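Participant: If you want the building blocks of each chain, they are given just below.
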Amino acid sequence: MERSDPADPAASGAVRRILHCDMDCFYAAVHVRDDPSLRGRPVVVGGSPQSRGVIAAANYEARRFGVRSATPSARAYRLCPQAVFLRPDFPRYQAESQEIFAIFREFTDLVQPASLDEAYLDVSARLDPWGSATAVAQEIRRRVREERGLTVSVGVGPNRLVAKIASDFDKPDGLTVVKPHRVAAFLEPLLVRKLHGVGPATERALQELGVQTVLELRRLSERRLKQRFGRYGGVLYRFARGIDDRPVRTDRVRKSLGSETTYSQDLVDLEAIDRELHRLSTGLSRSLARRELEARTLTLKVRYSDFTTVTRSLSSQPTRAADALLETARLLLTRTEAGRRPVRLLGLTASKLQTEGEDSQLRLF
Amino acid sequence: MEIVVSREELVAELALLQGIVERRATIPVLSHLLFQAEGERLSLAATDLDVSLSTGCGAEVLRPGQLAVQAKKFTEIVRALGADEVRLTLAEGNNLAIESGRSRFRIRGLEAESFPTLPKVESSSELEFPLATLRQMIGKVLFAISSEESRFQLNGALFKATDSTLELVATDGYRLARVETDFSGAGAEGLAQGVLVPRKALQEILRFSGEEPVRFRRNEHHLSFRIGDRELISRILEGTFPDYERVIARDHEKKPVLSREALQLAVRRVSLLSGERARGVLLRFEADLLTISAANPDLGEAEEQVVCRYDGEPVQIGLNPDYIGHFLGAIESNEVRLELKDAESQCVGFPIEDPEGEAGDRYLCVIMPMHV
Numbered sequence: 125m126e127r128s129d130p131a132d133p134a135a136s137g138a139v140r141r142i143l144h145c146d147m148d149c150f151y152a153a154v155h156v157r158d159d160p161s162l163r164g165r166p167v168v169v170g171g172s173p174q175s176r177g178v179i180a181a182a183n184y185e186a187r188r189f190g191v192r193s194a195t196p197s198a199r200a201y202r203l204c205p206q207a208v209f210l211r212p213d214f215p216r217y218q219a220e221s222q223e224i225f226a227i228f229r230e231f232t233d234l235v236q237p238a239s240l241d242e243a244y245l246d247v248s249a250r251l252d253p254w255g256s257a258t259a260v261a262q263e264i265r266r267r268v269r270e271e272r273g274l275t276v277s278v279g280v281g282p283n284r285l286v287a288k289i290a291s292d293f294d295k296p297d298g299l300t301v302v303k304p305h306r307v308a309a310f311l312e313p314l315l316v317r318k319l320h321g322v323g324p325a326t327e328r329a330l331q332e333l334g335v336q337t338v339l340e341l342r343r344l345s346e347r348r349l350k351q352r353f354g355r356y357g358g359v360l361y362r363f364a365r366g367i368d369d370r371p372v373r374t375d376r377v378r379k380s381l382g383s384e385t386t387y388s389q390d391l392v393d394l395e396a397i398d399r400e401l402h403r404l405s406t407g408l409s410r411s412l413a414r415r416e417l418e419a420r421t422l423t424l425k426v427r428y429s430d431f432t433t434v435t436r437s438l439s440s441q442p443t444r445a446a447d448a449l450l451e452t453a454r455l456l457l458t459r460t461e462a463g464r465r466p467v468r469l470l471g472l473t474a475s476k477l478q479t480e481g482e483d484s485q486l487r488l489f
Numbered sequence: 005m006e007i008v009v010s011r012e013e014l015v016a017e018l019a020l021l022q023g024i025v026e027r028r029a030t031i032p033v034l035s036h037l038l039f040q041a042e043g044e045r046l047s048l049a050a051t052d053l054d055v056s057l058s059t060g061c062g063a064e065v066l067r068p069g070q071l072a073v074q075a076k077k078f079t080e081i082v083r084a085l086g087a088d089e090v091r092l093t094l095a096e097g098n099n100l101a102i103e104s105g106r107s108r109f110r111i112r113g114l115e116a117e118s119f120p121t122l123p124k125v126e127s128s129s130e131l132e133f134p135l136a137t138l139r140q141m142i143g144k145v146l147f148a149i150s151s152e153e154s155r156f157q158l159n160g161a162l163f164k165a166t167d168s169t170l171e172l173v174a175t176d177g178y179r180l181a182r183v184e185t186d187f188s189g190a191g192a193e194g195l196a197q198g199v200l201v202p203r204k205a206l207q208e209i210l211r212f213s214g215e216e217p218v219r220f221r222r223n224e225h226h227l228s229f230r231i232g233d234r235e236l237i238s239r240i241l242e243g244t245f246p247d248y249e250r251v252i253a254r255d256h257e258k259k260p261v262l263s264r265e266a267l268q269l270a271v272r273r274v275s276l277l278s279g280e281r282a283r284g285v286l287l288r289f290e291a292d293l294l295t296i297s298a299a300n301p302d303l304g305e306a307e308e309q310v311v312c313r314y315d316g317e318p319v320q321i322g323l324n325p326d327y328i329g330h331f332l333g334a335i336e337s338n339e340v341r342l343e344l345k346d347a348e349s350q351c352v353g354f355p356i357e358d359p360e361g362e363a364g365d366r367y368l369c370v371i372m373p374m375h376v
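Protein sequences, first through last, are from chains L and E.
The numbering of the first sequence is this note's numbering, which starts it at 125 and goes up by one.
The numbering of the second sequence is this note's numbering, which starts it at 5 and goes up by one.
In case anyone wonders, no lab produced these hints; they're calculated from the structure.
Careful, some of the hints might be misleading.
[As the list claims (entries may be wrong)] Listed below are the simulated DSBU-like cross-link pairs for lysine-lysine, each with C-alpha atoms no more than 35 Å apart in a straight line:
1) Lys318/L - Lys350/L
2) Lys164/E - Lys124/E
3) Lys318/L - Lys295/L
4) Lys164/E - Lys259/E
5) Lys303/L - Lys318/L
6) Lys476/L - Lys350/L
7) Lys204/E - Lys476/L
8) Lys204/E - Lys379/L
9) Lys124/E - Lys476/L
[Said to hold, decoys possible] Examples of chain L residues lying across from chain E (beta carbon under 8 Å, computed):
10) Arg454
11) Leu455
12) Gln485
13) Leu486
14) Leu488
Computed from a predicted structure; not experimentally measured.
For every residue, glycine included, the Cβ atom is placed at its ideal position computed from N, Cα and C.
This is chain E alone, in the form it adopts within the complex:
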């Protein structure tokens, strides 16, 4: 193999591949990237066996060939190079020579054959949606994905589609975020029941940019997201997602409305004195006034008042301030509405969309209370 590639193009693809490579790979080859030079292209691939990315860039291929190369070191080297072009040459003993300007590196690689074969997702039907839409949806639910390995079925988000909507739901058992957006595309049958997309695949999609649409396919065990020449393949997370519709309360009658930013800042300040083990803040709504308070037996107490629009019965609820912060941080509206019942029932939060703004994106976040 001997090729010449643009350093800038290579660096852009390496940045995407870094998200896939296992940091603590137990199988050595998984810390490597697969290089395949053929035609006028250098194909690159990374996998952790659950999530894989194949991508590439244009190349002047003097001699075709293939090799697996240690991802982290190679990326560091290419990032550090000064010249615009990089020449990659497969030398004897699976060594890779990297030459650029006056710099020369030689790093040891592994035989391409030792790199796992990436799954192929063949399907008769394909869905297409804008990347920006998908990214926005992911950004609104990612925080609610559980990182508890023992609840593996919550280590991803439920991705669902109908002929007219796309839906993404995530929960860690304590809070739940759901976003739904209008979507006009046929062929969504494969997603009517929804599939569980692992967190890592969603995080990787957030790294993608550009105007090209996402072309989505699935088969029994895998999902494929193609964006231009890049293909992200993810194993479908096995497991049953909980019956989430049941916990989205629709009949809460106490519905204060308040400034998103004022609430966010006040909660952040008051939570400085919340308890260490049970670090909740108490929200008490009375006529047009919210009082947020926290008490830490070792440190002291904090309280702050925020004006709101509310004419219902006084109600109070203890909430984890981080959960409030994640919800408020995921939305952009000026105002939010909370729907409450009592201190034992979930709080359902909604952004209040600007009447002038574009509709079509429906979002909510359910947060279970804490006993404060």
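Same shape as in the complex, but just chain L:
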């Protein structure tokens, strides 16, 4: 099992605080910001009205006339002939997107872009100094407005599913916070199509089962859903209950690499634990080698049978050699109570990663 970050709170069972930040009609908004003459007018970005292309984005002024993204351009023109039709300028959106995401990354490393204009942020471990995810969201909205002249709608929730629905709840320029205990009440009245992955086909299939809203979906058993939708049925069952364990993965340079194992039977003797350390370090060494990386820091995670969890870290020379990793892991183990207390989980994570040979300092010994 590989995880995006050892501090991933999903793994520790704590409540996560996830933000979904969605720029308001991003492409159109960029044009309007840069050309004040467009302000207050319907603006449509996409293929020209004479072409057979479709609309990529429309501002709210244009949406009032029924123009949506993916509306054929010719139809958009019929709906709203007074609109300003603009050709998309993707390099410009891309540059703007980078600026905005850079603001997001000032708040957390765990930023997962979903497209040029939306991203998931895991701020669970990054609430200081703002104090709450809501305050972080407000601060992000303020920064984007003041520094980029654009508005962003933010949804805050305990997972990606809820955060995404929440960001759409009060668009444009909205902030919707769904506290963990309000998740069920928030989801129940929604149409199932609001759930991630429910497209027209699934929606029709659910309708045949008499399901239109999330509340109705919750009445179906997991078995029934799996029968009808296969694996996705299990996902639907959990989504209907507001459960979504998908981590926020950053596609930035990997910060850590590791794996952990929960044992079906607690490990009590040091010999068995040592065998596991051996297995984990060998696996970690292979993962590092595959990516041509070396690690400076190794972290051992031990969860005892009573679920208390400790981590021990040590930094040393960059390495990915299995025996060096094992030696460090053994040293770290001596700083835990493994062997004296039963162990239900062991994990080994490498961090401070660097490309092999990157350290240009030559050695004496």
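Assemble the complex: chain L is given as a structure, and chain E must be docked to it using the hints.
Facilitator: For chain E alone, kept in the frame of chain L given last:
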């Protein structure tokens, strides 16, 4: 226990003991000091189980006794007191009453019995050397001690003695510092092979002052440094120190000589623009001229020229500016000599002693290059 001590004398000893007490003690009693009042003396001890210090001060002992007291809080209180004398009284329940002038404190202590027994270093032979000499030697190598816990055998310095020399060597695997000084003392057999002294013990010796000599003893596992009434006991660091003689290159023929201060300042300035991940500076020596340069792909470049005495082939080498700075900061001579071969071989730095000055202290610092 009931005693009266001079606040000033007590504060001086507490300052030394603070260096030993673990900041993040996992065993509660290790954050404590052991107090033992007997005769006309208050004995004080601190230990982290590897390094221990026993010391004390004169006291008017009204009632003998002993107690372990939380070190940090006690020190803070005694430092803050206004009067010259402090009365310490063991009250019920291992409480310690601290009275001075009109101030009264009562802090909770632990039974003296819970304090670990300090090791004793009995030995038939004892070496004696001046504290100032030892302190000077430590100051010249301390920076090169590795702080990487995984290379524990480098977490201290090698201390060696012969009948005529004392030697201290430290390395972190990238650079190495060695100092050797003349020494006339018999009985150095126990140090002929050298022992590894943990960094913490060396740092503690740097805190000592005064004219009294250091009396040194060792047994199989421990070292004892006695200075007056104080005794610092350190566990010997286990492990094999690398074969350091091998890396002290003797045959490098490119030997520029330059002002220590000019080099130090120029390196410090140029290193402001060295790279973040590989933060080296490039030193290029040509006829009587050193050019130091650095480049950071994100920020820009820097360059500075320093005059030097050099008539060899041009040579260049990339070095970590911190390593250069540590070496130059550890010495006091006006000029330094670097011995170089090429960009792949170690740089060996020496102070050039003032011909008028006292000889007897031989120092060198080996620094491995960086690929810049």
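Participant: Are Arg454/L and chain E close enough, Cβ to Cβ, to be under 8 Å, as the hint says?
Facilitator: This interface hint is violated because 11 Å lies over the 8 Å limit.
Participant: Would you check the hint for Lys476/L and Lys350/L, treating anything up to 35 Å between C-alpha atoms as holding?
Facilitator: violated, 42 Å
Participant: Gln485/L was flagged as interface toward chain E. Is the shortest Cβ-Cβ separation under 8 Å?
Facilitator: Since the shortest Cβ distance to chain E is 5 Å, the answer is holds.
Participant: May I ask you to test the interface hint for Leu486/L with respect to chain E, counting a Cβ-Cβ separation under 8 Å as satisfied?
Facilitator: Holds - the Cβ of Leu486/L comes within 8 Å of chain E, reaching about 4 Å at its closest.
Participant: Within 35 Å, alpha carbon to alpha carbon, are Lys124/E and Lys476/L?
Facilitator: violated, 43 Å
Participant: Decide if the proposed pair is consistent with the structure: Lys204/E and Lys379/L, CA atoms, cutoff 35 Å inclusive.
Facilitator: holds, 33 Å
Participant: Decide if the proposed pair is consistent with the structure: Lys204/E and Lys476/L, CA atoms, cutoff 35 Å inclusive.
Facilitator: Holds, at about 27 Å.
Participant: Tell me if Leu455/L is really an interface residue toward chain E, meaning its C-beta lies closer than 8 Å to one of theirs.
Facilitator: holds, 7 Å
Participant: Would the pair Lys318/L and Lys350/L pass a check requiring their Cα atoms to be no farther apart than 35 Å?
Facilitator: Cα-Cα ~20 Å, so holds.
Participant: Is Lys164/E within 35 Å of Lys124/E, Cα to Cα?
Facilitator: Holds: Lys164/E and Lys124/E sit about 22 Å apart, inside 35 Å.
Participant: Does the closest beta carbon of chain E sit nearer than 8 Å to the beta carbon of Leu488/L?
Facilitator: Because about 5 Å separates Leu488/L from the closest Cβ in chain E, which is inside the 8 Å limit, the hint holds.
Participant: Below or equal to 35 Å on CA atoms is what counts here, so check Lys164/E against Lys259/E.
Facilitator: The hint holds at about 29 Å.
Of the numbered hints given earlier, the model fails hints 6, 9, 10; all others are met.
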